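Going by the numbering used here, the sequence shown opens with residue 366, and the numbers climb by one from there.
You may find that some hints are simply not true.
Unchecked claim - Simulated crosslink set (BS3-like; lysine-lysine; CA at most 27 Å straight-line):
1. K874 x K911
2. K874 x K850
3. K911 x K850
As the list claims (entries may be wrong) - Pairwise CB distance ranges, derived in the manner of DEER restraints:
4. S496 x S677: 35 to 41 Å
5. G545 x T820: 50 to 56 Å
6. Y465 x S885: 37 to 43 Å
7. T835 x G777: 32 to 38 Å
8. T750 x G604: 33 to 39 Å
9. S581 x K704: 16 to 22 Å
10. G905 x D590: 22 to 28 Å
Hints were generated in silico from the structure; no laboratory data involved.
For clarity, every value in this text was computed on a predicted model and none was experimentally measured.
Backbone N, C-alpha and C fix where the C-beta goes; we use that ideal spot for every residue, glycine too.
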Amino acid sequence: MSIEKSDITPFFVISLMFLSVLSPISGFTSAGAGQGIITTFADGNNSMSLMLNGGSTNSDSILALEQNSTVNDAVFEISYSTTSSSPGDVTLDIGNDSQYEWAWNTLGYGNLGAQTEFSNGSTTTSGSINSTGNMIGDILLPSQGQIQYAEMYAEFAPDYGGGFVATGVIDSLAVGDTDGDGLPEPVFLQRTHSWTNGTVSPAVGTFDWSSGNGFSAISWSSICDGAGELVVADFNDDGLDDVASFDNTNASACMLFTQPNGSWGANTNQSLGMGASGIDSGDMDGDGDYELISIHSDGYLREFVFNTQNGSFGLGAESTVSANGSAMQATLGALAVGKFWGSGNDTVVVADSMDGHVTMWNVSQGNWVVGIPGSSFDCIKSGMTTLDWNGDGLLDVLGNTDMGVCTATFNGTGWSTNQTNAVQLVNYSIGDWSGNGSIDILQPLEGSTDGNDATPTGYLQVRPFGVNGTIGSTSRTIFPHTAPKHVLLADMDGDGLSEHLVAAGESSKGLFIAGWHTVSLDFDMDNNAECDLIGYAGDGQSGVDKLNWTDVGNISFSLSQTFSNMPYQSDRWVFQSGME
366 MSIEKSDITP FFVISLMFLS VLSPISGFTS AGAGQGIITT FADGNNSMSL
416 MLNGGSTNSD SILALEQNST VNDAVFEISY STTSSSPGDV TLDIGNDSQY
466 EWAWNTLGYG NLGAQTEFSN GSTTTSGSIN STGNMIGDIL LPSQGQIQYA
516 EMYAEFAPDY GGGFVATGVI DSLAVGDTDG DGLPEPVFLQ RTHSWTNGTV
566 SPAVGTFDWS SGNGFSAISW SSICDGAGEL VVADFNDDGL DDVASFDNTN
616 ASACMLFTQP NGSWGANTNQ SLGMGASGID SGDMDGDGDY ELISIHSDGY
666 LREFVFNTQN GSFGLGAEST VSANGSAMQA TLGALAVGKF WGSGNDTVVV
716 ADSMDGHVTM WNVSQGNWVV GIPGSSFDCI KSGMTTLDWN GDGLLDVLGN
766 TDMGVCTATF NGTGWSTNQT NAVQLVNYSI GDWSGNGSID ILQPLEGSTD
816 GNDATPTGYL QVRPFGVNGT IGSTSRTIFP HTAPKHVLLA DMDGDGLSEH
866 LVAAGESSKG LFIAGWHTVS LDFDMDNNAE CDLIGYAGDG QSGVDKLNWT
916 DVGNISFSLS QTFSNMPYQS DRWVFQSGME
């Protein structure tokens with residue numbers, strides 16, 4: 366989880382329910398060896414009321430003692446009427462010698478009967494929190510007091526500020542570390558980008574984020590006319606991720622290599638060969654840089670390896686994938702790449718779009734090597750992606766069938782498949798979207814758009830995985846921004862919590878980025894949270910607000926029940942202050 370901040374403002378009205386308002390109980394010894402107890406003031410009353418207003422002094426009270434008396438013990442019991450405004454700081458100076466016998470004026474005590482500050486004297490407090498929690502602040506209360514009323518305001522802002530960036534239409538969305546800072550940046554394709562000179566052509570954009578400056582301006586770079594789906598990876602081993610965009614029309618990959626200054630160089634085209642139907646990337650030889658992988662409708666599976674000496678790709682491994690049970694070539698329509706055993710070199714899985722036969726392939730000594738018979742299965746025809754739905758550390762595969770969606774679960778030596786019919790997934794993402802450890806599917810539904818952002822529509826469906834990888838029905842919906850079209854999950858600030866990147870918008874189209882957060886506040890430390898702040902959270906600077914919560918009196922009962930069990934400390938006036 367990320368290191369995050371919470372601001373809390375308390376307001377307490379406290380009635381000090383003591384015996385009386387200035388009731389003296391004094392034991393004394395006179396010079397003549399007589400003893401006695403005084404329980405009344407000079408006017409004969411055992412209590413009196415004083416009106417205190419701001420900095421005023423009231424010296425109307427008189428306590429009569431015999432001459433040369435020695436006071437052995439004295440107790441004054443003070444209460445405050447909650448129907449009146451608090452007098453603020455209050456001191457008791459018997460004899461007007463500037464030596465206070467009692468005082469309510471210590472840092473963090475607040476006003477008498479109305480606690481509105483924390484123990485450090487501030488009316489607000491903030492602190493960093495993580496998954497293990499943190500003590501945000503202490504509040505001092507008289508241990509024998511009775512809480513009549515309490516209210517509180519709390520707000521939460523994550524370190525990653527979040528926001529909505531007006532990029533315009535996004536036709537393909539990916540992430541990658543294009544500046545070498547160890548954190549991903551969004552990378553997006555806009556096929557009809559309007560340049561300042563009035564021309565329109567495809568472009569790839571990106572922007573950065575920092576904790577000090579928030580989102581940077583968008584940097585745009587021209588790319589080939591046929592640019593399509595984006596693949597982002599470090600192909601030339603310079604520590605900066607590059608961009609490959611699949612051009613289906615010209616059977617090529619449009620390349621943008623990141624320069625040392627962080628900009629992209631001029632786009633170049635890498636020919637893939639006839640019938641190219643898709644591209645991806647993977648570290649097939651474990652050397653740290655990524656190879657470009659292409660599949661073809663005539664069964665070819667190709668690897669392109671970047672040569673740093675001449676600055677271009679060369680053909681690496683090449684093989685022809687056969688159709689299942691036939692000598693004919695497979696019609697490859699989908700591929701996915703990943704570390705299926707959790708570590709080691711990447712492995713490629715390819716799918717025959719005709720019969721859904723999926724096979725695994727590795728590169729060994731410059732050649733493609735097909736997996737053992739148990740490493741193939743029949744289920745997926747298109748839209749294949751990797752996932753680990755059961756959290757066993759082994760990658761599984763999910764993709765489309767003619768009837769719905771297929772989940773193929775890998776156990777390290779073979780596959781088991783389960784189909785969920787009547788479900789279609791597109792532009793979706795899979796992962797722990799809320800930080801609770803559960804792997805779910807996020808499927809954007811655009812809704813009924815009217816071109817007006819002020820009338821929001823659409824949402825993200827959350828679909829859980831069921832037994833054996835089947836896809837459950839929608840468990841809930843969440844709303845990031847109006848008309849969501851594409852969603853990705855990525856940890857944008859390295860805190861372990863995935864942010865949601867959502868291409869959305871109607872009158873203003875762009876990219877929404879924020880994390881889904883859950884923060885609980887246990888004010889009285891009884892292990893029962895008084896509030897839960899749940900939802901998308903930002904810093905309020907770029908279109909995603911902080912999470913906030915206001916309690917108006919509801920926590921009073923909880924505090925009054927637990928207050929007597931709280932730890933306390935005694936001050937010089939023998940005032941025992943409870944600490945919360």
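Are K874 and K850 close enough, with their CA atoms no more than 27 Å apart?
-> Measuring from Cα to Cα gives roughly 10 Å; hence the hint holds.
May I ask you to test the hint 32 to 38 Å on the CB atoms belonging to T835 and G777?
-> violated, 21 Å
Could you see if the CB distance from G545 to T820 stays within 50 to 56 Å?
-> At 42 Å between Cβs, range violated.
Look at the Cβ atoms of T750 and G604 and judge whether their distance stays inside 33 to 39 Å.
-> Hint violated: Cβ distance 26 Å, outside 33 to 39 Å.
Is the distance from the Cβ of S581 to the Cβ of K704 consistent with 16 to 22 Å?
-> violated, 32 Å
Could you grab the alpha-carbon distance between K911 and K850 and see if it respects the 27 Å cut-off?
-> At roughly 24 Å apart (the allowed maximum being 27 Å), K850 and K911 satisfy the hint.
Hinted pair K874 and K911, Cα distance within 27 Å | Satisfied, since the Cα-Cα distance of roughly 22 Å is no more than 27 Å.
Has the hinted range 22 to 28 Å been met by the Cβ atoms of G905 and D590?
-> Taking Cβ atoms as reference, G905 and D590 lie about 41 Å apart, which means the hint is violated.
Range hint compliance [Cβ, S496 to S677, 35 to 41 Å] | For S677 against S496, whose Cβ atoms are near 46 Å apart, the range 35 to 41 Å is violated.
With 37 to 43 Å as the target window, see if Y465 and S885 comply at their CB atoms.
-> holds, 42 Å
In this structure, the hints that do not hold are numbers 4, 5, 7, 8, 9 and 10, in rising order.
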